[in-house]
Amino acid sequence: MYRSGKIVRMNTSIDISHIRNFSIVAHIDHGKSTISDRILELTHTVDERDMESQLLDTMDIERERGITIKSNAVRVSYDADDGETYQFNLIDTPGHVDFTYEVSRSLAACEGAVLVVDATQGVEAQTVSNATLAMNANLDIVPAINKIDLPSAHPDEVKTEIEDDLAIPADDAVCVSGKTGEGIHDLLESIVFLISPPKGDANAPLKALILDSYFDEYRGVVATVRIFDGSIKKGDTLRMMQAKGDFLVDGVGVKRPAETPVDALTVGEVGYVVTGLKDPEAVRVGDTLTWASNPCPEPLPGYREAKPMVYTGLFPIDNKDYENLRDALDKLHVNDPSLVWEPETSVALGFGFRVGFLGLLHMEVVKERLEREFNLDLIATSPSVDYHVYKTDGEMIDVRSPQDLPEATRIERIEEPYLKAKIICPPEYTGAVMQLAIEHRGITTDMIHLTSKSVEMRFDMPLAELILDFFDQLKSRTKGYASLDYEFNEYRPSELVKLDILLSGDEVDALSFIVHKDKAYGLARGLCDKLKEIIPRQLFEVPIQGAIGNKIIARSTVKARRKDVLAKCYGGDISRKRKLLEKQKEGKKRMKAIGSVEVPQEAFMAILKVDE
Amino acid sequence: MAVTALYVHVPFCAQKCRYCDFDSRSFAPCDLSAALDAYFEQLFARLDAFGKAGALDQIRTVYVGGGTPSLAGERLVELARRIRAWCAPVEFTCEANPESLTAELAAALAKVGVTRVSLGVQTLDNTELTAIGRIHDADRALAAIATVKTAGLDVSCDLMCGLPGQTAASWKRTLDGVLVAAPHHVSVYPLTLEEATPLYLMACRDESLEPDEDFQAACMDMARELLGAAGYHPYEVASYALDGHECAHNIAYWTGRGYLGLGRSAAGMLDAEDFDRLAGLFPGVSSRGDAHRVRLVQRDDDATAFEAEHLSQREAAAEDLMLACRMTRGVASDLLVRAARVIPADELAAACDRALELGLATWVPETFGVHGGPFTSADVVAGHVRARLAPTHLGWLDGNVLFELFWDLA
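Quick note, the sequences are listed as chains A and B, same order.
Take this note's numbering: the final residue in the first sequence is number 612, and no numbers are missing along the way.
Take this note's numbering: the final residue in the second sequence is number 1022, and no numbers are missing along the way.
No lab work stands behind these hints, which were simulated from the structure alone.
Glycine included, each C-beta is placed from N, C-alpha and C at the ideal position.
There may be inaccurate statements among the hints.
Restricting the straight-line Cα-Cα distance to at most 20 Å, the calculated cross-link-like pairs of lysine to aspartate or glutamate (EDC-like) are [claimed, not checked]:
hint, chain 1, residue 1, chain 2, residue 2
1, A, Lys588, B, Asp633
2, A, Lys589, B, Glu1016
3, A, Lys579, B, Asp633
So the derived list for chain A, only partly shown, Cβ under 8 Å to chain B, looks like this [as the list claims (entries may be wrong)]:
hint, residue
4, Glu490
5, Arg561
6, Leu581
Assemble the whole structure, with the sequences as input and the hints as a guide.
See below:
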């Protein structure tokens, strides 16, 4: 047990029938995190005095934003009313559309899910989509009606909704309060009885799923795994079946929630494996681990190489930080294998990298982590997708950066990635969603009434449209009720053009953008106006122009700054005056000099802020 | 180098102006008198401590600012008398607000050796005065100017541009009106919204209250034109004077000379030698180490707590360059040559070049009648050519860029 930092090695062998692997899923703000915390508390996994709310979200960014980015698995011992001790593995899953793949891998490691529904709000769109995900993964579902301590709670109506809208037997529903702890004991009992124990053969060759991994400077890559057959102990030589590499196990353990070494991880269990591997690329989420000497015949199904959807340029504001940025990306890549990059050079921004992300949230999170954890000041440029450009000479090239687009005369056609997007929302929002999809070049392909409260709409839509502000717009136009899921469909030809931006008459490559020709004019105008707001006034006038090829299609002007002087000096307090100057200068540090124009970081992402 | 300038702070006002974030308190009239008595007692004690330490021997200029010193009435006269007992300044300024400057007070001040009154006129438009929370009106301000002149004192007017509701026409009326009243000196300050002041908070809700920089620049231009035509020459960013009436005390601030601060929130600046001599007057201030210059701000009423800033020789030089850029005459070649002893000459020349390149400053030869060929910044910094680096029109209005360029050399 883990108590006040003291680690005691424990014998963990437990009968497979006494293991329960589950995750907790919920609509946003329905109380997933507080319930997780209560479970840890009630099972004495964490002392009350050590309790920090939302224990499972370990990164600063996760706590600040209230989102889960990385999967996390915590082991809990539960002494049930039947006198037996059960091992619970609580697997936390990311909650954003960018991380759908991680969610699917996490769910694949579970036999059950606790579906949290707010007793005051009832079943909502995300409840439906989460329940669907869990049911599609063949998980046993334990509905938990939360916040029953609130006066406005109506658990009986919510039970009816669960039965009607989700087709889950309402008798199974447990009424709880994450706040007071009421009903949590019943919930733990339900987990024991409703969720199936894992199946598997302890004596068969090892078959284990990698859910997650992170890099530890001293121990190398540490992988979180779920064992389906066999067992892992220190000294075993293991093989990664997809990545095709072997390593010697340096140690195994479980999180309670602090890392606690154990003798072995055996069938049905979840824990971590210290691989000692120094190459972050070697270990991939979704890969299958087996014994090198006696491998299992088939890897686990569902492995997919995490494919980046969005590419942006990342440039250090200070060019001297280029090497540091490369090292930082290397380090982050270890527990974020979906991250890919290649060097990119910009006339305006110097040396940097074109980095591939799962989505824009992923991009923001990575950029923020790079800036915070590695103390870098970065500029991110407008996001792009991977375009297939067919040149007149017959060659096809991948273009992930507007700068790489060949001259218009040398392009035969451009194809862009299309998605199959699935949106689930209450019926009253179908009109708004349809409108939004049309604005984003989406084509409705199907519409199904799932229940009286939810409609599933399917669209074909260009990925480029989805990566900008689609998800935020969807949330705001449906008051947060809609959920979005998408997968890559195919490449389709599109009439795309490169929109260039000129500052003081000089083209700034880092501000270029590939856009559908019908949207080019509106976007150019919007972008010129937005840049005018973002770029501060300078000593001289700065004309901003939007152009396609040699044709100027939009313009605006940042007027020259006429006055910037600290005139008043109170009683000779010159320090105070200098401090004001230094404050101003601090602001300028976050800007990039493009020619003689000082351009703030956010200008390069202005495209995301253009209201169409 | 002995200290030649003394600043005294009087942090009391009848009513605080909406834009002001400087240290000043307002009291109900019944409490004000007692608060002033207590405060002035502490000023007198501190003054005597300075005097006994020999700190005041060489004082040439005195400036009593606020707050509203004129609010102190007879106490201000007593203060001036006591200062005079310790030194013989050639310039002695008191700040005053029109509503509290009576003819009696002006005469009494003149009698004890005050030479100059700086009046907070701000504008001659009554609506604008109300909008910024001033309690006098235009007639009162003009009368105050006349009163000071009658008392035989020099008078300076503070004016502000970019006030809520101010227009080019109203600004011109203010300038014209002030010129008719004919003070000796005028200061023109563009309004800045300081965080947490009432006006700042009002502007957060009503954008129209936020001063427009273009308008302020136009006002500053107009002031320079009208005042210039009337014989007031601009000698500093905000200051205009008839010949011979420049404020010597202010010039001391911009030319790196030491000064003493007396009273709560008053700032002083001492060079190493003076600080070592007077360190006993600043309890709790850490030893200067190898600092070349120490700046001190008194943090309480009874001079027991100070905020100190220690500047290295290089920082002091960069500060001098920065401050010199505020003066219309700019950075003298002597200062450049002196600075080059502690700041690498190539960096210094590069900063000058950058100022020229941006159009913020220009070289003006200091020696007349000497025909020289073209020269570079490096030549001046090396002392081969004598020229001063004077701010241009752009360098005046966008002075911060210029200041930063030189402070960056620290």
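Taking the hints in turn, this is what the structure says about them:
Taking the CA atoms of lysine 588 of chain A and aspartate 633 of chain B, the gap is about 25 Å. The hint is violated against a cut of 20 Å. As the CA atoms of lysine 589 of chain A and glutamate 1016 of chain B are separated by approximately 13 Å, the hinted pair is consistent with the 20 Å bound. Straight-line distance between C-alpha atoms of lysine 579 of chain A and aspartate 633 of chain B comes to about 15 Å, which keeps the hinted pair within the 20 Å bound. Interface hint status for glutamate 490 of chain A: violated, as the beta-carbon distance to the closest one in chain B is roughly 50 Å, over 8 Å.
Checking arginine 561 of chain A against chain B by beta carbon gives a least distance of about 6 Å; that is within 8 Å, so the hint holds. With a least beta-carbon distance of about 6 Å to chain B, the hint placing leucine 581 of chain A at the interface is held under the 8 Å criterion.
The structure fails to meet hints 1, 4 from the earlier list, while all remaining hints are met.
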